[in-house]
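Undergrad: Spelled out from the first residue to the last, the chains are:
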Amino acid sequence: MDEEDTRDYNEPCVQCSDVNWGLTDEGKFYCKSCHNVIERTKEVLVSDVIPNTKIQSISKGLRKRKKIDKGWEWYVCEGFQYILKKQAEALQKLGVCPRMKDEILCSFWRRYLQKSKQAYCPRPVNDTPQELVVSDSATDVDSEPERVSSFDLSSFSGSDIDVQTERSFGQISSVDKTSETMSVHSGSIDGSSYLRKRRKENVRMSMPMTLSFCYMALLWLKEPMTLSDLLRFVAEGHIPYINAFQYFPEEIKLYGLDLRIFRVESWPKYEDVHNKMLELATFLDLPRFPAITDSCFLHPDMLCIKYLMEANLPDELHSWTCRVVKKTGVGEADFLTLDAENKSARKVNYDVISVAIIIVVLKLLLLLNDQYEWVLSNFAEERNKKNKEGRLWFDFRKWYKVVKKSVDIEQKKLDEERARCLWKCEKPLFYSAKQKAVALKRRQMIQSLQRQFDALTDSPQVTEKQSPSSFQLSWDEENPDGSCFHGHSLEGFLQEKCNLHRPMNPEYWLCTVKLCNKKICGHLAHYKEGDFSKSYQFILNLFSFLLRVDVSLIHEEVCLIEHKLFSARLHKSKKKSKPKKVEIPKGPGNTG
Amino acid sequence: MIGTLRSLARNKHGLPLLVGQSRPVGPRHFRPGGVRDWFILLLPAAEGMDGFVEQPAPREEWGSLAPSIHLPLLPCLLHHPVTRGPKETEFQKTKEACLNYIQDALLQNQWQRAAEFMISYLEILETSTVSKRKTAPELLCQAIWRIGTEILLHHSKSNIEELNYFTERMKNLGVKYYLKVCLEHIFYLLCNGLIDEAYQNLTLAESWRYGEQTAAQNDELKLIQAYKGLLDYYNWSKKREAMLELDEENFTDSSEQEMHNFFRQAAVNLKEIIKIPGVWDPFVVSYVDLLEFYGDFDEAREVLTEYAYNSKFPPNPNAHAYLYHFLKRRGESKKSLVSVLKILHKTVPSHELMLEFYTMLKKSKKDKKRRLGLEVIFEVLDFAGWKENVKAWSCLAEQIKQILDNSNKHLDWVKEEWNSRKDWWPAFHFSHYLAKRNWQENEKLAYEKALLAGILLGKDCKYYKYVLHQGCKAKKKRFQTLKKFVKKHNSAYLRITACSDSSTHL
Chain A
198 MDEEDTRDYN EPCVQCSDVN WGLTDEGKFY CKSCHNVIER TKEVLVSDVI PNTKIQSISK
258 GLRKRKKIDK GWEWYVCEGF QYILKKQAEA LQKLGVCPRM KDEILCSFWR RYLQKSKQAY
318 CPRPVNDTPQ ELVVSDSATD VDSEPERVSS FDLSSFSGSD IDVQTERSFG QISSVDKTSE
378 TMSVHSGSID GSSYLRKRRK ENVRMSMPMT LSFCYMALLW LKEPMTLSDL LRFVAEGHIP
438 YINAFQYFPE EIKLYGLDLR IFRVESWPKY EDVHNKMLEL ATFLDLPRFP AITDSCFLHP
498 DMLCIKYLME ANLPDELHSW TCRVVKKTGV GEADFLTLDA ENKSARKVNY DVISVAIIIV
558 VLKLLLLLND QYEWVLSNFA EERNKKNKEG RLWFDFRKWY KVVKKSVDIE QKKLDEERAR
618 CLWKCEKPLF YSAKQKAVAL KRRQMIQSLQ RQFDALTDSP QVTEKQSPSS FQLSWDEENP
678 DGSCFHGHSL EGFLQEKCNL HRPMNPEYWL CTVKLCNKKI CGHLAHYKEG DFSKSYQFIL
738 NLFSFLLRVD VSLIHEEVCL IEHKLFSARL HKSKKKSKPK KVEIPKGPGN TG
Chain B
5 MIGTLRSLAR NKHGLPLLVG QSRPVGPRHF RPGGVRDWFI LLLPAAEGMD GFVEQPAPRE
65 EWGSLAPSIH LPLLPCLLHH PVTRGPKETE FQKTKEACLN YIQDALLQNQ WQRAAEFMIS
125 YLEILETSTV SKRKTAPELL CQAIWRIGTE ILLHHSKSNI EELNYFTERM KNLGVKYYLK
185 VCLEHIFYLL CNGLIDEAYQ NLTLAESWRY GEQTAAQNDE LKLIQAYKGL LDYYNWSKKR
245 EAMLELDEEN FTDSSEQEMH NFFRQAAVNL KEIIKIPGVW DPFVVSYVDL LEFYGDFDEA
305 REVLTEYAYN SKFPPNPNAH AYLYHFLKRR GESKKSLVSV LKILHKTVPS HELMLEFYTM
365 LKKSKKDKKR RLGLEVIFEV LDFAGWKENV KAWSCLAEQI KQILDNSNKH LDWVKEEWNS
425 RKDWWPAFHF SHYLAKRNWQ ENEKLAYEKA LLAGILLGKD CKYYKYVLHQ GCKAKKKRFQ
485 TLKKFVKKHN SAYLRITACS DSSTHL
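These protein sequence lines map, in sequence, to chains A and B.
Counting in the working numbering, the first sequence runs from 198 upward without gaps.
Counting in the working numbering, the second sequence runs from 5 upward without gaps.
No wet-lab data here; the hints were simulated from the structure.
Possibly wrong hints are sitting among the right ones.
[What the hints assert, rightly or not] Restraint-style ranges between C-beta atoms, simulated for each label pair:
hint	chain 1	residue 1	chain 2	residue 2	range
1	A	D612	B	A147	13 to 23 Å
2	B	N176	A	K610	32 to 42 Å
3	A	D612	B	N176	24 to 34 Å
4	B	L75	A	D612	45 to 55 Å
5	B	A147	A	R648	32 to 42 Å
6	B	L75	A	A530	51 to 61 Å
7	A	S667	B	N176	41 to 51 Å
8	B	G215	A	E476	45 to 55 Å
9	A	S666	B	E172	54 to 64 Å
10	B	I199	A	L670	55 to 65 Å
[What the hints assert, rightly or not] Under the rule of at most 16 Å between Cα atoms (straight-line distance), these lysine to aspartate or glutamate pairs were calculated in the EDC-like manner:
hint	chain 1	residue 1	chain 2	residue 2
11	B	K161	A	D655
12	B	K97	A	D651
13	A	K638	B	E130
14	A	K638	B	E383
15	B	K97	A	E613
16	B	K346	B	E383
17	B	K226	B	E188
18	B	K184	B	E142
19	B	K97	A	E462
20	B	K275	B	E249
21	B	K161	A	D651
Glycine residues also receive a C-beta, built at the ideal position from the N, C-alpha and C atoms.
Sequences are here, hints too, so could you generate the full structure?
TA: And the structure:
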């Protein structure tokens with residue numbers, strides 16, 4: 198083959214002056230003697246065009262393929278739309294209400310496009326990048342109103358999704374002339390301008406933003422999935438996020454600046470996604486979200502049950518968490534419900550607040566000053582030794598040992614899993630067409646090496662996905678070794694007086710006396726490990742592991758709850774008046 | 005118990021008392037960032053404190069006036085702590101963690117585990133942006149090559165094919181160390197007896213051309229060529245064996261031609277490598293063998309002399325040994341042989357050729373050379389490796405006997421040699437334990453050593469006494485003569501010790 202193609206080229210090689218030409222895989226000429234690749238390429242007669250391609254392109258509507266890489270003309274927001282669709286589908290597979298995708302998320306997305314003037318408006322911003330305006334008088338401005346009318350407001354779903362979404366952003370003829378020059382910067386049409394322009398009032402789409410969209414939709418539906426759950430599912434690979442671009446159709450080509458938009462090299466951050474969600478809700482001008490009442494999963498009373506179970510703490514603590522919720526007022530629907538307009542009570546991390554409540558309760562009962570809880574443990578241990586019948590008293594020391602052990606194991610497992618995680622997908626990304634060959638070759642190389650090492654390991658698929666679960670730690674009540682503390686009683690910590698159950702522990706310590714100013718400081722409180730007792734650190738770390746959020750985030754929330762709980766006293770003590778009597782009625786039932 | 009706890013509960017309310025100060029209160033007045041800023045700002049000034057601070061004049065009375073504070077100068081350019089900048093992505097963090105896991109697994113010989121993590125670590129080759137890379141891509145490739153090879157060498161499921169496959173991939177991956185990979189792979193093949201495959205690989209590697217990279221790896225290329233020469237020599241010597249086995253008539257011209265071809269190829273490459281300063285023992289030996297076979301003795305001598313005496317080459321005892329053997333084969337004069345060994349003796353007094361050296365010296369008529377002979381044989385026995393060498397011991401015994409018989413003419417030589425050894429030789433050579441062991445294991449050795457012990461340490465020496473006792477018990481005639489001999493030369497012992505004592509007192 199090579200001889201045939203190179204026969205006619207008899208120039209000596211520049212490097213070694215030999216006439217011995219061969220063809221590379223890409224059809225380039227190279228010198229067989231010194232491996233020097235030259236600019237000359239094989240001349241191919243393009244006669245064998247498959248007739249089907251033409252039919253396909255017709256069926257795809259008016260979209261024209263770019264000459265360079267035969268990809269479609271596409272907009273960045275279309276890419277995000279694909280990702281959102283995939284994420285919504287994955288969430289549905291996890292059991293989320295089917296309304297989420299087509300009703301909620303879809304309408305949020307449309308509203309976003311409209312608000313950010315990318316579509317559903319008379320003159321989408323996409324159409325007027327400067328390059329385009331300069332380009333040609335042929336830019337068909339007149340066709341724009343038509344496009345708006347052609348918007349198909351039907352749902353995301355359906356087999357004809359491609360056609361619909363394309364049509365809704367269909368750049369019919371206006372970009373043809375410039376597409377080639379622009380493609381140097383990015384695969385998408387507006388990739389380069391997308392990163393450049395930053396309007397203050399605009400909220401720009403980004404990969405974490407897709408999760409903010411999902412979370413917002415979940416919140417709207419009051420789905421029983423917290424943000425930490427959502428992010429955990431993302432990290433476990435149940436929801437597409439890393440390499441989400443691999444679900445794009447073949448014709449959507451990514452390169453250049455698109456990579457900066459769609460390539461993910463970090464896990465989504467809890468606070469980042471949450472803040473973006475709030476920003477988005479404001480931007481979209483959403484009405485008040487459906488109220489979160491005490492029957493909702495996201496209500497602290499409910500979430501506390503979940504986290505008490507997961508942390509292997511006695512069920513009885515729930516009545517105490519409910520009391521704290523009631524006293525601090527964090528269970529109020531007004532406090533919990535997201536309302537973009539009500540700025541004062543906007544930021545509620547349902548999972549973190551529930552965990553903080555549990556921690557405050559533990560501090561109330563056990564003090565957690567590295568002394569008192571161990572004294573109580575000694576009492577409980579002795580008592581449990583003596584009275585083998587009836588309910589066991591909760592023994593903090595034993596609980597610590599059991600939980601610490603399994604958390605350490607799980608943490609180790611998690612760390613290893615993270616290290617084993619594969620970040621790259623089959624479809625390699627490359628910055629420009631020039632790098633395509635290199636990137637593909639490197640990808641192939643890595644894959645073949647991976648296969649080789651994979652063949653060495655006979656363990657059945659290490660990377661196999663775990664089935665998604667809301668719980669990371671589970672404690673079997675039937676387990677005879679007594680590692681489950683759910684049924685243990687709190688009797689040892691309580692005393693009865695005047696028909697009131699109250700903790701025996703007479704003291705309390707505040708994590709901080711004064712909260713910082715969030716606007717100035719960025720945080721309400723600051724966590725420095727050495728400042729706090731070991732028990733407190735352990736409990737913070739335990740919940741930080743369960744929620745996979747930063748320890749300081751939980752600590753901050755604990756400070757906040759404490760200040761709400763003791764607000765009356767804190768203010769009173771300033772005024773040097775008597776502390777107000779706080780009554781806690783007997784029995785958990787009365788707390789409501 | 006609960007009562008005591010209850011008594012602790014002094015307040016009447018359900019909620020516990022608020023004790024703010026019982027715990028350290030969260031940092032509220034300062035922000036970590038802010039504090040650090042100041043700290044760093046002051047740091048450069050603190051370093052140059054001596055130069056900046058005006059020393060307050062010493063005051064005699066401290067209480068009279070409060071000393072004024074002299075603030076140090078702040079540096080003109082304030083260094084702000086760099087908190088922003090390209091952050092490490094989690095992709096990189098996880099890959100780093102992955103590398104740590106691999107290292108741990110390798111250290112603990114958990115090849116399976118290392119291979120598992122390797123699957124994930126390989127992705128680091130796809131690190132997206134150059135600026136974010138901590139290490140250069142070549143280093144990454146090298147790391148992967150090294151780790152991968154290590155795993156494949158040890159993993160129970162791995163085999164030669166796997167390693168060949170992996171090596172091919174690695175050659176493609178890193179052109180900057182292409183020849184290094186080739187070379188190591190060739191070593192691996194040679195270790196596994198795959199000579200032909202190794203030869204093929206050498207030929208391929210030799211003809212590898214990749215622009216500037218070929219020039220950059222010139223050293224490796226030379227090694228490749230040298231090893232190719234060595235394998236050519238190997239083939240040549242196989243042919244030679246075949247030829248020697250066959251009659252001359254059966255040995256056809258063609259095979260002789262083939263053999264000569266091998267010779268030519270080998271000679272060219274071997275000659276090249278031994279020009280470079282270094283230790284090239286197998287190459288030199290092979291080359292000399294070739295030259296000798298074809299009768300080019302001058303060239304061989306030149307090569308060996310150069311190898312032994314060129315000061316640019318690292319000191320190499322073998323070089324002298326090779327030269328000595330060559331000269332011996334050529335039947336050179338004793339003088340030249342002695343001069344070679346003399347140099348060798350200076351660098352390696354425990355060399356195995358030293359006995360030969362000694363034999364040559366003792367035959368000499370010159371006192372000076374015989375004196376050197378005594379020195380050589382004493383020095384040989386300073387080394388643990390010679391401790392039980394009967395030949396060395398009998399040489400020494402013979403030499404001393406000769407001196408004693410020769411009317412003690414050169415007894416002062418013995419004295420001088422013994423003087424530096426009398427502190428440690430008794431424990432090193434003549435202990436009671438060694439007497440027992442030598443007697444059990446090697447009677448001849450025990451006899452020679454006992455003779456020396458008797459003369460050098462007197463007849464009260466434990467070693468001498470034990471061996472003599474055992475020997476007499478076994479009614480060996482030899483030991484009777486030994487006893488007589490030692491008795492006869494007791495005076496010599498006294499002279500040796502007396503002399504040495506006086507010398508120590510000096």
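Undergrad: Next, verify each hint and record whether it holds.
TA: Status of the hints after comparison with the structure:
no., hint, verdict
1, D612(A) to A147(B): 13 to 23 Å, "holds (21 Å)"
2, N176(B) to K610(A): 32 to 42 Å, "holds (36 Å)"
3, D612(A) to N176(B): 24 to 34 Å, "holds (33 Å)"
4, L75(B) to D612(A): 45 to 55 Å, "holds (49 Å)"
5, A147(B) to R648(A): 32 to 42 Å, "violated (20 Å)"
6, L75(B) to A530(A): 51 to 61 Å, "holds (58 Å)"
7, S667(A) to N176(B): 41 to 51 Å, "holds (47 Å)"
8, G215(B) to E476(A): 45 to 55 Å, "holds (53 Å)"
9, S666(A) to E172(B): 54 to 64 Å, "violated (44 Å)"
10, I199(B) to L670(A): 55 to 65 Å, "holds (59 Å)"
11, K161(B) to D655(A), "holds (9 Å)"
12, K97(B) to D651(A), "violated (23 Å)"
13, K638(A) to E130(B), "holds (11 Å)"
14, K638(A) to E383(B), "violated (65 Å)"
15, K97(B) to E613(A), "holds (12 Å)"
16, K346(B) to E383(B), "holds (13 Å)"
17, K226(B) to E188(B), "holds (14 Å)"
18, K184(B) to E142(B), "holds (13 Å)"
19, K97(B) to E462(A), "holds (10 Å)"
20, K275(B) to E249(B), "violated (29 Å)"
21, K161(B) to D651(A), "holds (11 Å)"
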